[in-house]
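K.L.:
Sequence:
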Amino acid sequence: MTIDKIFDPAEIEARLYPRWEAAGAFRPARPDAQPFTIVIPPPNVTGSLHLGHALDNTLQDVLIRYHRLKGRDALWVVGTDHAGIATQMVVERLLDSTQGVKRTDLGRDKFLEHVWDWKRESGGTITRQLRRLGASCDWSNERFTMDAGFSAAVTKVFVDLHAKGLIYRDKRLVNWDPKLGTAISDLEVETREVAGQFWHFRYPLADGGRLADGRDHIVVATTRPETMLADMAVAVNAADARYASVVGTDVLLPIVGRRIPVITDDHADPELGSGAVKITPGHDFNDFEVGRRAGIEASAMLNLFDAQARVVALPGVPEAVVGMDRFEARKWVVAEMDRLGLLERTEDRVVQMPYGDRSGVVIEPWLTDQWYVDAKTLAGPAIEAVRSGGTRFVPATWEKTYFNWMENIQPWCVSRQLWWGHRIPAWFADDGRIFVAEDAAAAQAQAGEGVALRQDEDVLDTWFSSALWPFGTLGWPEATPELARHYPGDVLVTGFDIIFFWVARMMMQGIEFMGTPPFATVYCHGLVRDAKGQKMSKSKGNVVDPLVLIDKYGADALRFTLTAMESQGRDIKLDEKRVEGYRNFATKLWNAARFCQSNGIAAGTTIDAPPAAHAVNRWIVGEVVRTARALDAAIAAFRFDDYAETAYQFVWSRFCDWYLELIKPVFAVNQRLASGEEVFPAEIAHLEETRAIAGWALDQILVMLHPVMPFVTEELWHKLGDRPYDLILAEWVKTENSPADDGEVDWLIKLISEIRSVRSEMNIAPKTTLAFHIENPDEKLTERLRTHGQAIGWLARANAISDKSAPINGSAQIVVDGTIFVLRFGLEIDLAAEQARLEKNAVAAEKDRDGLAGRLASQGFVERAKPEAVEKARADLAARSAEAERIRAALARLG
RNA sequence: GGGCGCGUAGCUCAGUGGUAGAGCACUCGCUUCACACGCGAGGGGUCGCAGGUUCAAACCCUGCCGCGCCCA
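According to the numbering used here, the first sequence is numbered sequentially starting from 289.
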């Protein structure tokens, strides 16, 4: 199959991906091989591919494809996450806009039917997009967190944890989202600084009480005046003499008229404000703790708001404010306090305000009954697993983040007041008893015949189910062969931003239910930002769509860019120019393959390198092996940038720039054959060897690039010949043996480069062919010039001659490995220019020489430095001073 | 306030103790029969600042300056 002149990534990608998928190439049967397992961080079913996904999944695919080539039984578990809040919001919005129907109008069951319909129709967007990227996941076992099997796992975990006492019901403050009507986790709360106010209120002392200074009231200040309606105490510090006389007495809560006690608590800081603080245990996390210390049970705490954050009719709360929204109530309370003459002053201040990251509204600390996981108990072994090295973070610096959070972990509220999600397997009896069981029948059995039960309306936090992903996707709680074989996974690749949300929780649940942590390594990458370093966001309008980049440059180019820019967790500033550059690289590879093909170079027939007698062929075999070893090292160290860079440099700067150029003269034999000229058998043999080696080397290049650029490499793999298998299932380069290298080709490259430099500096026309001679050629040099004469003629436009009678003023002199080459220009040479050129080179060599000499002479270097360093310095000194000498000699000859 | 990280060529970034690197951009030359998405040759850095350790510091330590992120 001839390789087309035009490289068309879109056509290739559209054709190859279905081919791989249909062939089962993503999940080859390799029962005897060592497993290699990655579980995908499941994207939200509502999601569409952004550059963060593109990065995350490219890195995973590089690992999976690499290890598949290495012969491992590679499995990349894929699927999506049901994303409770996000999905419910999407479907609600859709129903509202298309049918004008509200969720509550439909009822739970009907609404859920709509969600499933939506999931079937629209839930596949991101998985289709992952295919565009080339992700070689095992789609045959695609999972969804709401599937029956996975749901069974979720239920079992809940029931088991409850039985162990690690899940319990509690009345505490939660972060309540009044817009969404559900509790959300601490992690979903975003604290923003906003301009607010600080109101100072006077609370009159009851029963004629007086402070030390004679005042008849206590001043408290608040940023949330409306909550005063539910105040239950005023706290002062026990050491604060100003208030000693009133501790234990009451104040009369204004507006409401309730008596509330003055209590002591360390939370009150005498240095701050008046030193007295109002305590509203039902609406502030700090106050909740103060209330508990003061002996107020959670059940006795006053709850001022309903689920929409509207004021409820607590005893004493004026009817006028009942039903008011919290912000309206704030204005009302301030006005009322002012009217009563109890507003001492108001000051502006910046306040920390909690916002729901989904809804964007201010979060209300709200008192509710919820289910909690005893995260502290589960965290212990999860911390230990990382401390002992059972799981390691790469880069290791993220371990600190992990420890910091794990060691200060709070009870994890796992119930959500949503409809879409895993319904909590708990049943309530009318008398308040709660039965947790796998299903209704089991609950009924616990409760006994005739007890009326109703199931908890709430669902579980989505992260509760995501935490089970590494084993739930493999069939747990069934003891499946997949589970036995692929748990724990080898590596998790994810953004550092979900270490808390997800990684920590998988660690806890994996250890609790499987006995071992879910992966050996956690690789954390950074965020993808725009070219200016700004976080991409819809509101800024700087979002770059990976699919647009794929359309424009090809998936391979985007993948290569992301891989090359991934240097262990640092944020990536994505510049489109970079993608363009790697598109060029793909084109370069394409053209190199075309060149090979047109010269009769075809698919290799062996995985081991064919025998090579000629220096250039031996050299490229060695370079391939060296490169493959470097790539192995890069993967072992999770240095994706090194992988890309090493492959790029080898392909472009070694294989294309030198190897292909150096073998061009070999193919001249073809033309001579065609024109009927005589050709020696040795030349034919050279040609055949070169074809075999070049074909082999190109195959190895395709293998080595495949993890990063799967499409173009697979295409070329087949274009170059009939293959027994696809490249995706090929074998990695054999790196055990490498031919000895005597530096011959390095010398040749140096010589050609030097001649080219001189030509350019001396402004020799590109077409002019030069002659050169050597002052004192030894046998080895003569032999080398004979061997590579054609290549030198081809690449440097220069031919060696034995005549040494060139006039000095018509030539330039270069030094390569200690030998002087005299390049002859005829009379056109600019003597001054040549003098300047040599002078510059001489000065550079002398500067190096003097530096090295100085170092070797300096106190202590020879005695204290490592022997290798001294050895190298001596060798470098010898080389550089010899070079300086020869250049000086050449200058002297110029006169 | 606590923690983490960053500051290297015009730009984006590698380099973690032994004479400063890559890609892009820039300059000069080239319709060389794979490729102008190309070929060849170049210019460009007191490695944020100041001390210290060391025979030797971009790299280790301390302080400072500037920038970013996370937590409270």
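I should point out that these hints are in silico values taken from the structure, not numbers from a laboratory. Treat the hints loosely; a few may be bogus.
[To be verified] Computed spacing ranges between beta-carbons, pair by pair:
| id | residue 1 | residue 2 | range |
| --- | --- | --- | --- |
| 1 | G1031 | D945 | 14 to 20 Å |
| 2 | G1031 | K861 | 50 to 56 Å |
| 3 | I972 | T893 | 15 to 21 Å |
| 4 | G1031 | A973 | 37 to 43 Å |
Think of the CB as a built atom: it goes at the ideal place given N, C-alpha and C, for glycine as much as any other residue.
K.L.:
State for each hint whether it applies.
P.N.:
Taking the hints in turn, this is what the structure says about them:
For the hinted restraint 14 to 20 Å between G1031 and D945, the CB-CB distance of approximately 18 Å keeps it satisfied. Judged by the Cβ atoms, the range 50 to 56 Å given for G1031 and K861 is violated: they are separated by roughly 40 Å. Taking the beta carbon of each, I972 and T893 are about 18 Å apart, inside 15 to 21 Å as hinted. A beta carbon spacing of about 24 Å between G1031 and A973 contradicts the range 37 to 43 Å that was offered as a hint.
This entry does not satisfy hints 2, 4, going by the numbered hints stated previously.
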